[in-house]
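A.B. asks: What follows is each chain in one-letter form.
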Amino acid sequence: MLTGAFSLTTTSQMELVGISEKINTLIQKNSVSSGVCYLFNPHTTAGLTINEGADPDVGDDIIKGLLYMVPSDLNYNHLEGNSPAHIMSTLVGTSLVLHIANSKLLLGTWQKIFFCEFDGPRTRTVHWKIIKD
Amino acid sequence: MLTGAFSLTTTSQMELVGISEKINTLIQKNSVSSGVCYLFNPHTTAGLTINEGADPDVGDDIIKGLLYMVPSDLNYNHLEGNSPAHIMSTLVGTSLVLHIANSKLLLGTWQKIFFCEFDGPRTRTVHWKIIKD
Amino acid sequence: MLTGAFSLTTTSQMELVGISEKINTLIQKNSVSSGVCYLFNPHTTAGLTINEGADPDVGDDIIKGLLYMVPSDLNYNHLEGNSPAHIMSTLVGTSLVLHIANSKLLLGTWQKIFFCEFDGPRTRTVHWKIIKD
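Protein chains in written order, with our numbering: chain A, 1 to 133; chain B, 1 to 133; chain C, 1 to 133.
Isolated chain A, as found in the complex:
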């Protein structure tokens, strides 16, 4: 199993950052033609998702939807004031399993992989593992 991590810097409080290219570069660097890639986000106020990457408006609408669903004020107990970001992390999820085929991520026409920042801006890490076929 190949293993590693990369970091990225977010620039807003909430933001979807595309990371498909970083992962495709890892796949090519390690000469993986086919297999599975596991991504893991070690942060509790961030997530990982797959969605449309062609139109950046989709990412903005996802943030708009999450802000609508998860109220900023709900008499939360956690004193840091970022409970909505923790809730969004659980809703979106913190790990992904991706298929690799033909030496790149197997994705639908419109799909891209996104790191989801819910409590930025911060420097963040993503862990990855790859199993070759």
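It is possible that part of the hints are untrue.
Which copy? The list can't say, so a pair holds if one copy fits it or any two copies do.
[As the list claims (entries may be wrong)] Straight-line Cα separation of at most 27 Å, DSS-like style, residue types lysine-lysine; simulated pairs:
| id | residue 1 | residue 2 |
| --- | --- | --- |
| 1 | 132 | 104 |
| 2 | 29 | 132 |
| 3 | 22 | 132 |
Worth flagging that the hints you see were computed from the coordinates, not collected in a lab.
Based on these hints, arrange chains B and C on the given structure of chain A.
C.D. replies: Okay, now just chains B and C, sitting in the frame of chain A:
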């Protein structure tokens, strides 16, 4: 690793389509007694989930809940008009990891695997990979 | 692939139960220094998530957020009265893929693994599989 894909046709705008039987057939055809199965949905307005399959009312209630949580109109930016379907895809998730035991999916008594259509009707694809023990 | 299951008992209707220690014990017992761990929840009114484990208020706030988002009464069709728990299960998810490094779970500073009870109290099961590197 065994790899493949199958397609399915949805008949409504929002619909949960059971796919457990399709996957159990794959497992038996490939003589897998034990292992892991990875499912991947390549569409950005659909998802994959596991929930109760005995009473079809549960699937209808999941759709009812998602329609309540994700408003149809929220001043969305994406011009195609299907932003709620994109948001639901991120909430529900686009991949699953399933355990295989005794030559079939290891599922709880009431569990079934569902393809979730959020912007149908359409013809859809599901990619699968299986690692044998 | 190593395979097994453990059970746990929940004591409230909704509750997040930390299970990181149980999994780290499995990893050590089986002398796994590096690899991947798959967790699977076979119940349709429960889930698995990763979030902050240092301050128990975060878990309480996640429950508060879910109760706000998923209404208790929405003219649900399922007659058992636990449709909100089924919806939460689909939102949170029923499986996790965890990375193992240095003979323990690779987690962020604040992360812990939680079994999420949405329709308790009950006795519940978690299935696990581990692939060694």
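A.B. asks: Next step is simple, just say for each hint if it's right about the structure.
C.D. replies: Going through the hints against the structure:
1. 132 to 104: Both. Shortest intra-copy (12 Å) and inter-copy (23 Å) distances satisfy the 27 Å Cα cut-off.
2. 29 to 132: both (13 Å within a copy, 23 Å between copies)
3. 22 to 132: both (18 Å within a copy, 25 Å between copies)
Checked against the numbered hints given earlier, the structure satisfies every one of them.
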